[in-house]
Amino acid sequence: MKIILNGEPRDVAVQTLAALVDDAGFSERKIATAVNGDFVPAPARQDIELSEGDRIEIVSPMQGG
Amino acid sequence: MKIILNGEPRDVAVQTLAALVDDAGFSERKIATAVNGDFVPAPARQDIELSEGDRIEIVSPMQGG
Amino acid sequence: MKIILNGEPRDVAVQTLAALVDDAGFSERKIATAVNGDFVPAPARQDIELSEGDRIEIVSPMQGG
Amino acid sequence: MKIILNGEPRDVAVQTLAALVDDAGFSERKIATAVNGDFVPAPARQDIELSEGDRIEIVSPMQGG
Amino acid sequence: MKTFYGVSLPNPLMLGTAQYPSPAILAEAFRASNASVATVSLRREKGAGHDFWRLIQDLGVRVLPNTAGCHTVKEAVTTAQMAREVFETNWIKLEVIGHTDTLQPDPFALVEAAQILAEDGFEVFPYTTDDLVVAERLVEAGCQVLMPWGAPIGSGLGLSNVYALRTLRAHFPDIPLVIDAGLGLPSQAAAAMEMGYDGILLNTAVAKAGDPPAMARAFALAIEAGALAHGADPMEPRDMAAPSTPVVGKAWLA
Amino acid sequence: MKTFYGVSLPNPLMLGTAQYPSPAILAEAFRASNASVATVSLRREKGAGHDFWRLIQDLGVRVLPNTAGCHTVKEAVTTAQMAREVFETNWIKLEVIGHTDTLQPDPFALVEAAQILAEDGFEVFPYTTDDLVVAERLVEAGCQVLMPWGAPIGSGLGLSNVYALRTLRAHFPDIPLVIDAGLGLPSQAAAAMEMGYDGILLNTAVAKAGDPPAMARAFALAIEAGALAHGADPMEPRDMAAPSTPVVGKAWLA
Amino acid sequence: MKTFYGVSLPNPLMLGTAQYPSPAILAEAFRASNASVATVSLRREKGAGHDFWRLIQDLGVRVLPNTAGCHTVKEAVTTAQMAREVFETNWIKLEVIGHTDTLQPDPFALVEAAQILAEDGFEVFPYTTDDLVVAERLVEAGCQVLMPWGAPIGSGLGLSNVYALRTLRAHFPDIPLVIDAGLGLPSQAAAAMEMGYDGILLNTAVAKAGDPPAMARAFALAIEAGALAHGADPMEPRDMAAPSTPVVGKAWLA
Amino acid sequence: MKTFYGVSLPNPLMLGTAQYPSPAILAEAFRASNASVATVSLRREKGAGHDFWRLIQDLGVRVLPNTAGCHTVKEAVTTAQMAREVFETNWIKLEVIGHTDTLQPDPFALVEAAQILAEDGFEVFPYTTDDLVVAERLVEAGCQVLMPWGAPIGSGLGLSNVYALRTLRAHFPDIPLVIDAGLGLPSQAAAAMEMGYDGILLNTAVAKAGDPPAMARAFALAIEAGALAHGADPMEPRDMAAPSTPVVGKAWLA
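From first to last, the protein sequence lines stand for chains B, U, P, S, V, E, X and R.
In terms of numbering that gives the first Met the number 0, the first sequence opens at residue 0 and continues consecutively.
In terms of numbering that gives the first Met the number 0, the second sequence opens at residue 0 and continues consecutively.
In terms of numbering that gives the first Met the number 0, the third sequence opens at residue 0 and continues consecutively.
In terms of numbering that gives the first Met the number 0, the fourth sequence opens at residue 0 and continues consecutively.
In terms of numbering that gives the first Met the number 0, the fifth sequence opens at residue 0 and continues consecutively.
In terms of numbering that gives the first Met the number 0, the sixth sequence opens at residue 0 and continues consecutively.
In terms of numbering that gives the first Met the number 0, the seventh sequence opens at residue 0 and continues consecutively.
In terms of numbering that gives the first Met the number 0, the eighth sequence opens at residue 0 and continues consecutively.
By construction, these hints were calculated from the structure, which means they are not laboratory data.
Quick caveat, the model's predicted, so the values are computed rather than measured.
Glycine is no exception: its CB is placed at the ideal position from the N, C-alpha and C atoms.
Be a bit skeptical, because a hint or two may be false.
[To be verified] Just the calculated beta-carbon pair ranges, DEER-fashion:
hint	chain 1	residue 1	chain 2	residue 2	range
1	R	100	V	236	28 to 34 Å
2	V	139	R	232	41 to 47 Å
3	E	46	V	236	33 to 39 Å
4	V	49	X	73	53 to 59 Å
5	V	238	E	236	29 to 35 Å
Hey, can you work out the whole structure from these sequences and the hints?
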């Protein structure tokens, strides 16, 4: 299934957002997620089924002013 | 019937806004009218029936910055 | 002999500036002296003969900005 | 005789400042003169004998702010 | 030269009509300054309206009615509608006051009212702040003129935020920009025009001067001066001095 | 109105004659501005002097010769003497430069030269700083006009020290004060006149503008505006706003 | 002393974490200044997030996540929600950019987003303009802190509109006010604190200085100085001079 | 770091000793600020001199006697000679007042007196204007420190002519420059130090504050801040904004 992860097209096998985070190796990381512009809290990730063309954002702490 | 004309309570016999303007002697004057905060164009004044407690404003040109 | 000490007329019996300083009870004080607008160093005071009308200034430390 | 006219060395035959002004073709011009830094009024030019090394300045109106 | 809703004004000075010592002095101030626009208001008729209107008509200038004192969208819109009928013009100086101490515009109500009036066929002259984003909203709402304040109405403080005013000018090269309110001295009006502003709206600084006609004329001259200077491509300021009189050819008089 | 050594000038603008793109543009700048005084200098005759002098005479204005570029009392005095003979006027704009980077006056040499020249019958227009004590010395030396700088010559920075310029004005109510040098924009000239100054002497800001005649006229208008405003008793600026349009009689449209 | 949503900060300096030459220098800047708050952001995870977070935690300061770069209400709200989860704080520095050139806030979107976030339990630190009416709306929306800009982000221009900033202070005596963005020098921060401001938020001026830790400390000292001065009841400035050294008792030495 | 006649001061703040509510508060102000120099004067002995001197000695700071109130060269020279004997120091703050309203220095008498005193072995700290040429004369006369005023003594107006003060700094890179008089707020002192000045001399702004010790400390901190900033190579201000938070990696949340 084709999705867009952090702005880049990806072909993924996983079904849920949680699985995607695992798959991307971020499960241990300090991150937050959004799907198609909506925030998805960590506990809810496993209930989110990915669909073709979803825009997934996985963000982490960065410098800021 | 009791109305409020330009902020002052008035007891009037007239039925319409047009009649009130006449009655107040403003018919020849350069004025505009509003009833309860809504603009009433000159032509429409005769169709406006006054009711108890109406707030009538009759305004004319004045200094401005 | 009449002199002016710190702006006030004084009638003094002493002959020298040193004596005047003593007489005024300033000998132990932290002061400096001038006669008729000229500085007189401490050691020289005893050699300075006072004359009628001399303007003597005896100054000491004061607040300053 | 060698002089300096307006900053440039000149070898001249004339004796007086007046003659120099003529010689330079300035007699009709709106000019003023100085010799060795001192102003020489027009009438006095004929009385000024030039000497070896004199610094002559002949100036005229120019733009100014 | 830019036009105000298709009208080109012979003189970029817009002058208020309030607070003058007398109607005669008001009229004289307009004559002395050749102001091209007079701002007026609507107030409860007490009999004086007629004569005042005659006076204004005799000035032979364009009339720009205002919504002064309105604090809500509804008040401003109704006032604008009444003004259009009385003054027979689509021009409206839209004021929606957001704060009584500063008499500053309420950006939110201002944009909303501007939208309603523009859709209703008004030609809106919004009295606004120097905020670039608010200005963009007003243009989107249909305003073809912007009137940022220089400082609070009647304060005479001049141009409080030159940086913001420059920014506005840079972002709206084609929209007529008028400094409305806050000026106290002609030099401030000249400075605004030197920055490329297209007009100045004044009242208190003229009406409250000791000699209103003289002050009105002073502002008119300063505005013309500033506009001329803006068009004449001024020199760049620089930190070092540079002689004006030529150095070459200086006599050696040591 | 104050006079300059007994001469009242129809226009408080004094204009320099250097750095213009062409003699024609110089002449046009004078016509456009009605400047009443032209500053000129003396330089080594190379043939151009005659035509330039003809040009200046055709302007029909008063001539104010300067001692530009002089760094010593002697240079300045000799130059002044030559200028008096050539230009047939007792007026002299006395410049004694104290520093090459700022072209600022040397207060010491300036006062000394002013004294010598005043005793010799000159009518001295001293180019000075905004220093009050130096100004007093110049007046004691016989100067009946003072010309403090606004900023370094040719910098276009405007009025660097408004406080000092105000102080000068306050202490010399009866002496004509002219801002000489440093202005870049008409609004700065207007501000000086609003402070009560009696004239403005300019060169670079006009000559180096893209359109010198337009800029000359802009300065002339701004100067007139500032003078008018000064005489018209301006309002006092205040921190709080105050409505210009009357509040009484406002309709209740809630 | 005012609190920020119930938290009293030991030091009124809030420091950004971006643009430093190195993480070590960033850490040193915090140590040197004792800044009490660090602003941070969220960006797409590329692996660096973890180490950066460790670094910030080691600073031992409060974290204030921002919504930098968001141009819409939705972007800002979603970013705030993600930030709350990652940084485990209800604090959010709410930025909704209205214009790319000035990076100024969009007052309309800002108020809307502030309302949504406040209702959702966030403690909003809004990056806003110096507009009084917008400030009132933010307070009505639930903001208990206001952060007006001094000048555009990263410009280093200082306090562009001192008048407006004073007005804000006067109208919100009990709300903590923080100058956010635009400062370039410590003297500007001191001036803001002298006006009674409660804090300063900085980044570029420190990170882009030649010596960021020294500049960070300089700002911290200036902020402390300004706060002390505000509390110490400064003298009123006056136009006339007044001798500090007593005149009485001066010797007569003529 | 520059020395003052070979003496390096631990703290660039020089504090006056006049106008305090009480001697105790004076002492507290010195303790709170760690000022390194105390200015003092000489007045006709009326008995108070001894205790005052004891108080000053207990401060454990360097003493800088002044010639305050002197209007002539002779008065100033005699006062300096008396001061050297009483205070046992070659340091003298040379004031020769040129005008009673502004208390500004008399440049002519100042240079003359400086020359006499320098030749007599004094180490002269001249209270001067911001005039570059006068400053050069003072250096030629033997002054190895310059103390230009910021504004008139006791006015609290701050730095009236930043341009001139920058020029002085640029022309005397190796001479210690101290702002003497006219400051009212710490931010002004910080700004002077940011320009590269080497010290600040104050009295009224501290002594007349509601809380002199707090204000003294505020100035000391601001001075340290300004000096640090000057050494830390500040960013250049710019007209356009620039994001501090990185743009790259921002999530797409539309």
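Hint-by-hint comparison with the structure:
For the pair residue 100(R) and residue 236(V), the beta carbons lie near 32 Å from each other, so the given range of 28 to 34 Å is met. One distance hint, 41 to 47 Å for the beta-carbon pair residue 139(V) and residue 232(R), holds here, with the actual separation near 43 Å. Between residue 46(E) and residue 236(V) the beta carbon distance is about 36 Å. The supplied range of 33 to 39 Å therefore holds. Distance hint check: the CB atoms of residue 49(V) and residue 73(X) are about 55 Å apart, consistent with the given range 53 to 59 Å.
Restraint check, residue 238(V) to residue 236(E): a C-beta distance of roughly 30 Å satisfies the suggested window 29 to 35 Å.
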